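Enquirer: Here's the letter readout for the chains.
Number of protein chains: 2
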Amino acid sequence: MKTVAIVGGTHGNEFSGIYLLRKWQQSSASIIRDSFATETVFANPKAYQENKRYLDSDMNRQFSHTDLTDPLLTNYEQSRAKVLNAQLGPKGDARTDFIIDLHNTTSNMGPSLILLQSDAFNRKLAAYVVSKMPDAVIVLEDQISVAEHYFLSSIAPQGVIVEVGPQPQSVIRQDILEWMEEMTGHILDYIDLYNRDELPVLPSSFEAYKYHETLKLPENEQGERIGMVHRNVQDADFKPLHNGDPIFTLFDGSIICWEGEYEAYPHFINEAAYYDNNLAMSLAKKVVVEV
Amino acid sequence: MKTVAIVGGTHGNEFSGIYLLRKWQQSSASIIRDSFATETVFANPKAYQENKRYLDSDMNRQFSHTDLTDPLLTNYEQSRAKVLNAQLGPKGDARTDFIIDLHNTTSNMGPSLILLQSDAFNRKLAAYVVSKMPDAVIVLEDQISVAEHYFLSSIAPQGVIVEVGPQPQSVIRQDILEWMEEMTGHILDYIDLYNRDELPVLPSSFEAYKYHETLKLPENEQGERIGMVHRNVQDADFKPLHNGDPIFTLFDGSIICWEGEYEAYPHFINEAAYYDNNLAMSLAKKVVVEV
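These protein sequences, in sequence, are chains Z and S. In terms of the numbering used here, the first sequence opens at residue 1 and continues consecutively. In terms of the numbering used here, the second sequence opens at residue 1 and continues consecutively.
Calculated from the structure, these hints are not laboratory results. Treat the numbers as computed from the prediction; the structure is a model and nothing was measured. Possibly wrong hints are sitting among the right ones.
No copy labels: a pair is met if it fits in one copy or bridges any two.
To be verified - Using 30 Å as the maximum straight-line C-alpha spacing, the simulated DSSO-like pairs for lysine-lysine come out as follows:
hint, residue 1, residue 2
1, K216, K52
2, K23, K216
3, K124, K216
4, K239, K210
5, K23, K52
Make the full structure from the sequences, and use the hints.
Expert: Below you can see the structure in the form of structure tokens.
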């Protein structure tokens with residue numbers, strides 16, 4: 001690993017990464033390691049200026065091979081994605097070895113590390129982060145390959161999403177900022193130790209939450225929302241949900257229970273940005289990952 | 001009191017009031033009282049459609065006499081304010097007797113009732129609400145007269161703001177929705193009991209938080225934010241702040257302490273919408289109000 005990019009502001013109203021970039025640009029000591037070069041990238045400054053997640057379309061959905069090479073996709077984020085791909089990639093043959101993409105969520109997810117694949121390098125990374133930061137939560141979105149992912153961090157052969165909440169859009173909370181800064185530091189430390197072949201003894205396994213499915217908010221036939229996340233589930237990210245547990249409250253007062261055949265771990269619960277698509281939450285299965 | 005208006009969506013990304021309006025339009029039983037007429041008003045539907053607080057300027061700052069009668073103020077919210085003033089007012093000679101304006105905040109303010117004046121009617125109202133809803137917080141913004149206020153609820157001779165949080169912008173939380181619905185119901189009950197001269201025995205006094213001043217976030221000479229609310233103060237709305245207590249953390253790590261000569265009660269702490277003006281929080285003094 002010779003080149004690491006730390007990306008902030010992929011979503012313009014997720015402020016922790018944007019403020020950390022500003023801090024590191026003024027004083028880069030905390031992100032510099034001897035064994036590799038670190039660069040910082042402000043992915044969507046125009047959305048930040050307008051205090052929005054995005055102008056035309058979600059930046060963090062633009063990085064599939066197909067879309068990056070489609071000349072007909074020309075809106076602001078689609079264009080900006082092509083520029084970032086040229087700067088950090090190109091995807092599939094990237095000059096950047098590792099991307100850390102910094103995100104906030106309005107959900108109560110704490111300091112979460114989202115892995116796009118669960119190869120040996122990433123398993124050791126997660127074990128290292130968990131050993132240094134017991135509050136850290138590991139989320140696996142390895143249901144498809146990195147090449148198939150459309151996230152910004154999929155430009156590089158290795159990339160992660162640091163996802164920290166709860167933080168309202170367009171707010172900066174000290175606790176959330178510090179979690180993000182700490183997790184980023186551990187990731188950089190890990191890459192440095194890996195490069196120098198000086199990794200400490202790591203835990204032999206760790207718990208993680210493997211993405212399984214996404215639930216929509218209750219809708220009527222016209223596609224209008226007719227309910228909300230049940231108060232028992234609100235803020236209960238990574239707490240188990242069982243068949244028959246209340247999951248939604250309709251505005252008419254009735255309650256919808258979850259009907260599922262497995263022990264589900266909701267996360268991204270009631271994330272503000274997912275209302276665009278009427279999404280209520282993601283569900284994961286808890287797994288034990290051998291390192 | 002013959003006419004009461006319940007206003008939601010004055011800010012387009014404060015969802016509780018907007019969803020309650022929708023609920024009441026489908027089933028109005030819970031807001032109807034025998035002794036007065038209730039109407040509902042969606043103040044800024046266009047901002048809601050765009051999922052923003054406002055399009056051109058903050059709607060809830062447009063209702064001063066001067067601005068309402070200024071023909072040069074023609075942007076969207078300024079125009080919409082004139083329409084609402086014609087519909088509910090006109091201010092100073094309004095056909096509406098009482099306005100309940102429904103708001104959310106990202107701050108941890110719980111169910112707050114903001115009074116624009118502390119006359120006998122409002123003191124009894126607050127005492128009634130507190131007696132029915134012990135979690136309710138009473139905030140006095142009576143430092144100027146209703147006529148001088150620029151809030152939407154100042155159109156009517158009597159008006160209040162129901163301000164409930166914490167809720168991220170563009171999110172609907174069940175707990176926050178239920179607090180807002182409950183407080184609105186108590187206000188309607190109070191007006192009905194008042195009209196019928198059937199008020200119960202009320203507490204002889206109550207505690208309230210009287211607005212005193214607004215603090216800005218730390219800025220450099222270029223007006224850029226250089227710090228954030230200190231973690232001790234985050235979420236500590238209506239908790240006392242004393243001279244020497246940490247209040248801001250600068251991004252360089254240094255800490256700013258509050259220098260003030262009184263016991264201050266911060267609220268609207270780190271409210272997302274106030275970043276537009278680099279505001280950090282409001283400070284109140286705790287007072288005991290005789291009913």
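Enquirer: Decide, hint by hint, whether the structure agrees.
Expert: Structure-based check of each hint:
Taking identical chains as interchangeable, the C-alpha atoms of K216 and K52 lie at most 30 Å apart whether they share a chain (23 Å) or sit on different chains (22 Å). Taking the closest pair of Cα atoms, K23 and K216 come within 30 Å of each other only across two copies (20 Å); inside a single copy the shortest separation is 38 Å, beyond that limit. In the homo-oligomer, the alpha carbons of K124 and K216 never lie at most 30 Å apart, since the shortest distance is 34 Å inside one protomer and 44 Å across protomers. Within a single copy, K239 and K210 get their C-alpha atoms as close as 14 Å, which meets the 30 Å cut-off; across copies the closest is 40 Å, which misses it.
Taking identical chains as interchangeable, the C-alpha atoms of K23 and K52 lie at most 30 Å apart whether they share a chain (21 Å) or sit on different chains (28 Å).
In terms of the numbered hints stated before, the structure departs from hint 3 and from no other.
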